[in-house]
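Trainee: Okay, here's what each chain looks like letter by letter:
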Amino acid sequence: MVERQANFDEMHAGDGSVRRAYEDYCDWHDEQEAKWLRRKHADAETTFRKTGITFNVYGEDEAEERLIPFDMVPRIITAGEWRRLTRGIEQRVSALNAFLYDLYHRQEIVRAGRLPERLLRDNAAWLQQMVGFTPPGGVYTHIVGIDLVRTGPNDWFVLEDNARTPSGVSYMLENRETMMAMFPELFSKVPVETVSNYPRRLAKSLAACAPDATRGKPNVAVLTPGIYNSAYFEHAFLADQMGAELVEGSDLRVKDGRVQMRTTRGYQPVDVIYRRVDDEFLDPLTFNPQSMLGVPGIMDVYRAGGVTIANAPGTGICDDKAIYSFMPEIVEFYTGEKALLPNVQTWRCSDKDSLAYVLDNLAELVVKEVHGSGGYGMLIGPTSSKKELAAFRKKLVANPQNYIAQPTLSLSTCPIFTKNGLAPRHVDLRPFVLVSPDGIDITPGGLTRVALKKGSLVVNSSQGGGTKDTWVLKET
Amino acid sequence: MLGRTAHGLFWMFRYLERAENTARLLDAGLRMAVTRDLATAEEEWRSVIAAVGLTFAYESKYDAYAGQQVWNFILRDKDNPSSVLSMMGDVRTNARAVRTAITGELWQAVNESWMEISDALGRQVGQGSVGEIVGMVRRAGTLAHGAMAGTLLRNEGYHFARAGTFVERADSVARILDLKYFLLLPSLSYVGSSLDKGQWDNILRSVSGDSAYRWLNAGQIDARGIVEFLVLDERFPRSLAFCHSALRDELASLARMHGAEGESNALMREADMRMADLTIEEVFEQGLHQFLLDFIASNTAIAGAIAEDYRFVR
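Respectively, the protein sequence lines represent chains Y and D. Position 200 of the first sequence, counted from 1, bears residue number 200 in the numbering used here, the numbering being contiguous throughout. Position 53 of the second sequence, counted from 1, bears residue number 53 in the numbering used here, the numbering being contiguous throughout.
Check the hints yourself; a few may be wrong.
[To be verified] Label-pair restraints from in silico Cβ distances:
1) D/Thr151 to Y/Arg19: 26 to 36 angstroms
2) D/Met115 to Y/Arg83: 40 to 50 angstroms
3) Y/Arg39 to D/Thr103: 25 to 35 angstroms
4) D/Ala149 to Y/Gly138: 17 to 27 angstroms
5) Y/Arg20 to D/Val313: 54 to 64 angstroms
[Unchecked claim] Negatives, chain D to chain Y, calculated, CB over 12 angstroms:
6) Ser60
7) Asn94
8) Thr103
9) Glu112
10) Met136
11) Glu156
12) Ile221
13) Ile296
14) Tyr310
[Claimed, not checked] Only part of the chain D face toward chain Y is listed, based on derived beta-carbon distances under 8 angstroms:
15) Gly3
16) Ser86
17) Gln108
Rather than coming from a laboratory, the hints here were simulated on the basis of the structure. C-beta: ideal position from N, C-alpha, C; glycine also.
Looking at chain Y on its own, in the form it has when it is part of the complex (with noise of 0.2 angstroms):
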């Protein structure tokens, strides 16, 4: 694989001077020993092991627990850089819940000729049942992560918005807390804008959504699929974290109108769920009969009012690539603005110059399933084989509107400890978003994934990348 040359370098200049956001960072980098620093990177991965932070993968026989892998050079966004931000990112999350609300209302958007209603009649993700119901305070989205790439110093873009069930804020509290253990040092050197409030910050959003039912201060659970889940590790530390139950689909059952679970005194309502079970695992009796998960009747409370489900059921349509394609002209039809924060230019392969010209250009672009996600079933065209695409043609020929495409970005490069020194790899970055009633909350970070192969632009957890602590600085 060919190291790009051309891609933006968040620490150091072309000309090699370092950037502002890192001077303060680079200093104290400069006076510490090779060796003691190979020695704190050793350290960083027996306390992820000693402390359990591990996610799941399914082996061909067992469940095996692995690390996913942490470098210990921190990602530094300015205070200019991430107030534009940040503006761009309410933006984008406002939208997403008027865009909500609307397609399970009126659908004004479709009514407006702006959205193709074939996007919402063929998708899995649109869901019948919120039609004309309106979740708790209208919010849809409690919970978003919007997935960030850079190419330039203000060049930043969306590749990806995760509205379902957004997961890997724990390893954006947990990095902190490494970064903090291992060079406290540190802290005092930079000012750096903390991170550690969010557990709080999320729970008092979540009993802000609190249904009408709710009697006294709101009970909140997080509901989870389990131990053998591969997130299970986040959905027990943010409980913990908020001081909230940890609940599965067997501790809850619907009785008098509400979601109650079976506690040591008897039967017990639930008020808020923040789940991280799917849409069609929720409710057996409403969704996948098969379910386990979930809880029989739990739709039926929802709709009356008697619980919030947090995120909505039904969000799952804005992590769709089709969807997201439409994204420029979704800011606009909803906040009456041009979007602040770009698209990745994308081709949607269900049109036929698209697909002609993606096919032409194959070689060069990043194909993606419409549905897909984790990294899985997509093409990345520079870094395949004549045969692989020759096959991937085949697949997009047959089935387009499953397809869309997009440029190889240059994606910036931050730089990862390795033993011979820092060395620049590809990161994107996921900040996450909390919303109530009260209004759009943003965690002054969030979680910076790097494709630790060099060269490589793959970023997920599931395909060998890593994790940065993400720090932004304070204004001064």
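Assemble the complex: chain Y is given as a structure, and chain D must be docked to it using the hints.
Mentor: Here is chain D on its own, set in the frame of chain Y:
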């Protein structure tokens, strides 16, 4: 607290206790095997397997009782569903499932012990390392109980964890005593006779009571004294009386916190009447074996009532 969480805490500590007791038994067996002739050693290993309730599983696989084979079977054999390795895995799985009800320190104690033990049990255990591994398992218990004592909130979760510990400990000590005692005393006429001191020592070692017993009963080693110590001495933390009264305290705390007594408290009171003012003469009069059988049955019934009272499963 969720019923499922109470269930998880209860069983997390039962499995921990069971793994620890198995390690103690192995420890005693090892000592016996290295200090005695081959025939005694074989008898000893047979009784260790019987004491952990694995006779059937073991004999389906092996014909003879040889040390290395026995301890590998008990510690790590895939055909043994209650190997120490799988029990420690159960401890960790339960800890993971109740992660929000235990402290970070307690979770880390369990997780680190699991990492150490599963690594050590990843290969055949030879003569040179078995003692060390037995030590690891005992230390796992010590670390978890220490982290719990020092950091866990004294809420209902704490009492479920402790209740699990004492239910399991009482069960295991009663079983060891029943088995070992009858191996050594084929008939009651032997009571009071002077038997091989090493064998008696071995019973005490199996429950880590050898030094405590010596300290309390300088030099005086006889069946009556040992049975009295293991059954009735409330000062010894692994005696039946100690476990019984500790469990009673835990159940009383749970009833107080929940504002109501349940079936478990009623059963506990019945057991109390049987244990109160009990003398060793009365135990021998009804027969030690019968006494132990009744004790185990009552203990099991109490455990079942706890699960019902606090909605462990439904």
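Trainee: Now tell me, hint by hint, if it's right for this structure.
Mentor: Cross-check of the supplied hints:
1. Between threonine 151 of chain D and arginine 19 of chain Y the beta carbons are some 44 angstroms apart, a value that contradicts the proposed interval 26 to 36 angstroms.
2. With their beta carbons about 44 angstroms apart, methionine 115 of chain D and arginine 83 of chain Y fall inside the hinted range of 40 to 50 angstroms.
3. Checked against the given bound of 25 to 35 angstroms, the beta carbons of arginine 39 of chain Y and threonine 103 of chain D, roughly 29 angstroms apart, stay inside it.
4. At about 49 angstroms, the beta-carbon gap between alanine 149 of chain D and glycine 138 of chain Y misses the expected band of 17 to 27 angstroms.
5. The supplied range of 54 to 64 angstroms is met by arginine 20 of chain Y and valine 313 of chain D, whose beta-carbon atoms lie about 59 angstroms from each other.
6. The beta carbon of serine 60 of chain D is kept farther than 12 angstroms from every beta carbon of chain Y, the shortest such distance being approximately 24 angstroms.
7. Distance to chain Y contradicts asparagine 94 of chain D as a non-interface residue, since its nearest Cβ pair spans about 9 angstroms, not more than 12 angstroms.
8. Under the 12 angstroms C-beta cut-off, the non-interface status given to threonine 103 of chain D relative to chain Y is violated; the minimum distance is some 10 angstroms.
9. With a minimum CB-CB distance of about 6 angstroms to chain Y, glutamate 112 of chain D fails to clear the 12 angstroms threshold, and the non-interface call is violated.
10. At roughly 16 angstroms, the least C-beta separation between methionine 136 of chain D and chain Y is larger than 12 angstroms, which holds for a residue marked as non-interface.
11. A beta-carbon of chain Y comes within 12 angstroms of the beta-carbon of glutamate 156 of chain D; the shortest separation is about 6 angstroms.
12. Even its closest Cβ contact with chain Y, about 44 angstroms, leaves isoleucine 221 of chain D beyond 12 angstroms, as expected for a residue assigned away from the interface.
13. No Cβ of chain Y approaches the Cβ of isoleucine 296 of chain D within 12 angstroms, the least distance being about 26 angstroms, so the stated non-interface status holds.
14. With 12 angstroms as the threshold on Cβ separation, the claim that tyrosine 310 of chain D sits away from chain Y is violated: the shortest Cβ distance comes to roughly 4 angstroms.
15. At about 5 angstroms, the closest approach between the beta carbon of glycine 3 of chain D and any beta carbon in chain Y falls short of 8 angstroms, and the interface hint on this residue holds.
16. At its closest, the beta carbon of serine 86 of chain D sits 13 angstroms from a beta carbon of chain Y; the interface hint therefore is violated under the 8 angstroms criterion.
17. Taking 8 angstroms as the C-beta cut-off, the interface hint given for glutamine 108 of chain D holds, the closest approach to chain Y being about 6 angstroms.
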